[in-house]
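K.L.:
Two independent chains are provided; combine them into the complex using the hints.
Sequences listed follow chains W and U, in order.
For the first sequence, the residue numbers in the numbering used here are 2 to 102.
For the second sequence, the residue numbers in the numbering used here are 9 to 235.
Simulated from the structure, these hints should not be mistaken for laboratory data.
Treat each hint with caution, since some may be false.
The list that follows gives simulated cross-link-like pairs (lysine-lysine, DSSO-like), each with its CA atoms no further than 30 Å apart [unchecked claim]:
hint, chain 1, residue 1, chain 2, residue 2
1, U, 39, W, 26
2, W, 26, U, 158
3, W, 19, U, 39
4, U, 227, W, 9
5, W, 71, W, 42
6, W, 26, U, 93
7, W, 9, U, 158
8, U, 138, W, 19
9, U, 39, W, 9
10, W, 16, U, 138
11, U, 110, W, 42
12, U, 138, W, 26
13, W, 74, U, 93
14, W, 98, U, 110
15, W, 42, W, 76
16, W, 71, U, 93
17, U, 158, W, 19
18, U, 110, W, 16
19, W, 19, U, 149
20, W, 16, W, 26
21, W, 26, U, 235
22, W, 16, U, 231
23, U, 93, W, 16
24, W, 9, U, 231
25, U, 39, W, 16
26, U, 64, W, 19
Covered, in the sense of this in silico footprint (three residues per stretch, anywhere, with C-beta under 8 Å from a C-beta of chain W), are these stretches of chain U [what the hints assert, rightly or not]:
hint, segment
27, 60–74
28, 114–120
Computed beta-carbon distance windows for the label pairs [unchecked claim]:
hint, chain 1, residue 1, chain 2, residue 2, range
29, U, 222, W, 100, 42 to 50 Å
30, W, 68, U, 32, 41 to 49 Å
31, W, 71, U, 104, 35 to 43 Å
32, W, 95, U, 30, 37 to 45 Å
33, W, 53, U, 96, 28 to 36 Å
34, W, 27, U, 39, 23 to 31 Å
35, W, 31, U, 36, 45 to 53 Å
36, U, 158, W, 74, 37 to 45 Å
37, W, 91, U, 61, 44 to 52 Å
38, U, 131, W, 29, 43 to 51 Å
39, W, 52, U, 222, 26 to 34 Å
40, W, 71, U, 30, 45 to 53 Å
Keep in mind it's a predicted model, so treat the numbers as computed, not measured.
Cβ atoms here follow ideal geometry from the backbone N, Cα and C, with glycine treated the same way.
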Amino acid sequence: MASCTVQKPLYSWEKYEKASYAYLKNSDDESTQNLIENYEKIIDQQSGTRNVPPPGICADYAFVLLEMGKTDKGKELLQREIELYPESRIFIERILKMLDR
Amino acid sequence: MKIRSIILLVGILFLAGCSTTSKIPKSEAYKGIYDEMPVTILIMPPINRSTAVEAKEYFFVTLNVPLINKGYYVLPPFITMDILKRESAYDAELFINGSLSKFGEIFGADIALFTIIESWDKSAIGSFVKVGVEYLAKSTKTNEVLYSRKGTISYDASISTGVGGVFGALADLAASAINTAATEYVDVARACNNYTLGDFPSGKYSPTFKLDGVEMAGKNDFKVTIK
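Excised from the complex, chain U in its bound form (with noise of 0.2 Å):
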C-alpha cells in the first residue's frame, strides 16, 4: 500500500502543476491545425490492438466529448458509426495510411481522428488501469497528421469507503473490485480521452479560439497517472 500511496502522491504532484508541457507553443507543436483551422471532426471507430476487446467500446463513447468541449464540430458518432458500417468502412485500420478525401466528401470532416489502443492491462489486485494509446489527427484534404500524442496512462479507479485500520483496507479492496466490475471502465477511456485530447488548440465555437497558440504544448510522448 505505501508504494502505491507513493506513486499516487507522484502522480498527483505530477498533474498539480499541469506540468507535462513541452518548450514548444501549441502554434508550433500544431502548426497545421493553426494554418488549416478545421472546423468538423471525424471520430474513426478506434483500433485495437490490446487484448482486451471491450477496450474499443469504451473508447468510441468517450471521444467525442472533450473535442466538442474544446469548440469543434464532432459528427455525431451513433449516425457515423451507422454509415461506416453499411459502407463497410468501420476498420479504421484500412484507411489510416490511405487517401481520407471521401471522408470530406461523403461527411464534410475536416479532420479524421485515429485512436490506437496498444495495450489495456488491469492490475489483478486493486483497481488499476494501465493504458498504452496513440491519438493521429489527419486532415482529409492533405493526408498530413496535424495533431499526434502518444502515452502511457495508469489510472486508479479505486473508491475509498472511508473506513480505517486493517478492516477498513479489505473493505476498500472490496468496493474498489465492484467499482471497476461494472462500467467504471469507461472513466479509463474518459479519462485517457480528456488528457490527451486536451492539449488540442480551440476550436470556433470556443471563446480561446486563435488565442492559444502561446500556451506551451503538452509533451507528444508521456507517461501520466491519473487518479
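So here's chain W without its partners, still in its complex pose (with noise of 0.2 Å):
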C-alpha cells in the first residue's frame, strides 16, 4: 500500500499539457502566446516542493522564443536551463553554439 500514499508533486505545471498540443498543433500567435503564459507561470509562480522551474521547461521557452527571434532573451534562459539542471549541458551546448554559427 506504500505506492498509495500520496506525496506533494516536485512541480506545478498549470496547463502545461494542453497548451504544448495546442502549439504543436496551430503554432499560430494565440498558441504560442497562451504557451508562453504557461511558461511563465511554471517558472515565476512554481508552488512544488522543489520550488524551482521543472526539467526543460527554460529550454523549450528559449526555443519558442528563438523561433519568434528573441535570440538575447532565448539565450540566457538556455544558460539559466543549465545552472538549473547540470546534466543538460551536453544538449544545450551544442544547441548555444549552433546559434553562434
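P.N.:
As C-alpha cells, this is what we get:
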C-alpha cells in the first residue's frame, strides 16, 4: 500500500500539456502566446516542493522565443537551464554553439 | 447503461486499491534502473501503429510530465523534436533495435524512452477510448531494456451534466460527444502515461530516490479502466 500514499508534487504545471498540444497542432499567435503564458507561470509562480522550474521548461521556452527571433532572451533561458540542471549541459551547449554559427 | 456502470464500478474498485501490483519488488522488476541510476531521459517520438494518426501527438505532449514528476531530468521535448527532425531521426522505429550510443553522445541521455501505440479505438457512441500501448526504456550505454510495460487502457472521457432521467441521459450523451471531440483526447494519453509510467522507480530529484525498491512493482502486462 506504500505506493498509494499521496506525496505533494515536485512541480506545478498549470495547463502545460494542453497548451503544448495546441502549439504543436497550430503554432499560431494565439497558441504561442498561451504557451508562453504557461511557461512564465510555471517559472515565476512555481508551487511544487522543489520550488524551481521543472526540467526542460526554460529550454523549451527558449526554443519558442528563438523561433520568434528573440535570440537574447532565448540564450539567457538556455543558460538558466544549464544552471538549474547541469546534466543538460551536453545538449544545451550544442544548441548554443549552433546559434553562434 | 447498466453494463457500462458495472464496468466502471469494477474499474474504479480495481484502481482504488492500487491492486494491479505483481508480487515482485521494484528493485527486482526494474533492476537495471537501480543498477544504472539513470538521470537523463530522452523521449523518442512515439511509434504509432494504430489507425488514429493524431494519437502520436497526444502521446508526445504528455510523456515528459510523469517522468519529471518522478524525479528525472527529461530533455526538453520541443527542442529535441526539432533536432531529431533536422538529423532525420524522427522515426523512432529506425532506432528501437539498434545502438543508442549516439543519443547518449548528442543529448547526454542515459535512457531513450520508446512508446509504441498499438491501437487507439474510440467507441461509436459514448465516450470510451481503448488504447493498446507499450513502453520501453532502453539504456543508451548497453541498449538493454531497463523498464517495460504493456497494457490495454480503457478511458471514459464522459462528463456528467448532473441532470437525472431520460433527458439527463441525452444531455450527458451530447455533452460527452462535445467533450471528446475537443482536445480531451490529450487527457486520454495523459492518463495512459501517468498510469504506466507511474511505476517508474524514483529519480534523483525525488525524496524517495533509492528508497522505493521495496515497493511492489505494477504488473508488466495489464488491463485497466480509468475514469
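K.L.:
Evaluate each hint against the coordinates.
P.N.:
Status of each hint after checking the structure:
no.: 1; hint: U:39 with W:26; in the structure: violated (38 Å)
no.: 2; hint: W:26 with U:158; in the structure: holds (27 Å)
no.: 3; hint: W:19 with U:39; in the structure: violated (34 Å)
no.: 4; hint: U:227 with W:9; in the structure: holds (25 Å)
no.: 5; hint: W:71 with W:42; in the structure: holds (19 Å)
no.: 6; hint: W:26 with U:93; in the structure: holds (16 Å)
no.: 7; hint: W:9 with U:158; in the structure: holds (28 Å)
no.: 8; hint: U:138 with W:19; in the structure: holds (20 Å)
no.: 9; hint: U:39 with W:9; in the structure: holds (26 Å)
no.: 10; hint: W:16 with U:138; in the structure: holds (24 Å)
no.: 11; hint: U:110 with W:42; in the structure: violated (35 Å)
no.: 12; hint: U:138 with W:26; in the structure: holds (23 Å)
no.: 13; hint: W:74 with U:93; in the structure: holds (24 Å)
no.: 14; hint: W:98 with U:110; in the structure: holds (18 Å)
no.: 15; hint: W:42 with W:76; in the structure: holds (19 Å)
no.: 16; hint: W:71 with U:93; in the structure: holds (22 Å)
no.: 17; hint: U:158 with W:19; in the structure: holds (25 Å)
no.: 18; hint: U:110 with W:16; in the structure: violated (33 Å)
no.: 19; hint: W:19 with U:149; in the structure: violated (34 Å)
no.: 20; hint: W:16 with W:26; in the structure: holds (16 Å)
no.: 21; hint: W:26 with U:235; in the structure: holds (26 Å)
no.: 22; hint: W:16 with U:231; in the structure: holds (28 Å)
no.: 23; hint: U:93 with W:16; in the structure: holds (26 Å)
no.: 24; hint: W:9 with U:231; in the structure: holds (27 Å)
no.: 25; hint: U:39 with W:16; in the structure: violated (34 Å)
no.: 26; hint: U:64 with W:19; in the structure: holds (14 Å)
no.: 27; hint: 60–74; in the structure: holds (count 7)
no.: 28; hint: 114–120; in the structure: holds (count 3)
no.: 29; hint: U:222 with W:100: 42 to 50 Å; in the structure: holds (46 Å)
no.: 30; hint: W:68 with U:32: 41 to 49 Å; in the structure: holds (46 Å)
no.: 31; hint: W:71 with U:104: 35 to 43 Å; in the structure: holds (37 Å)
no.: 32; hint: W:95 with U:30: 37 to 45 Å; in the structure: holds (40 Å)
no.: 33; hint: W:53 with U:96: 28 to 36 Å; in the structure: holds (35 Å)
no.: 34; hint: W:27 with U:39: 23 to 31 Å; in the structure: violated (43 Å)
no.: 35; hint: W:31 with U:36: 45 to 53 Å; in the structure: holds (49 Å)
no.: 36; hint: U:158 with W:74: 37 to 45 Å; in the structure: holds (43 Å)
no.: 37; hint: W:91 with U:61: 44 to 52 Å; in the structure: violated (33 Å)
no.: 38; hint: U:131 with W:29: 43 to 51 Å; in the structure: violated (32 Å)
no.: 39; hint: W:52 with U:222: 26 to 34 Å; in the structure: holds (28 Å)
no.: 40; hint: W:71 with U:30: 45 to 53 Å; in the structure: holds (49 Å)
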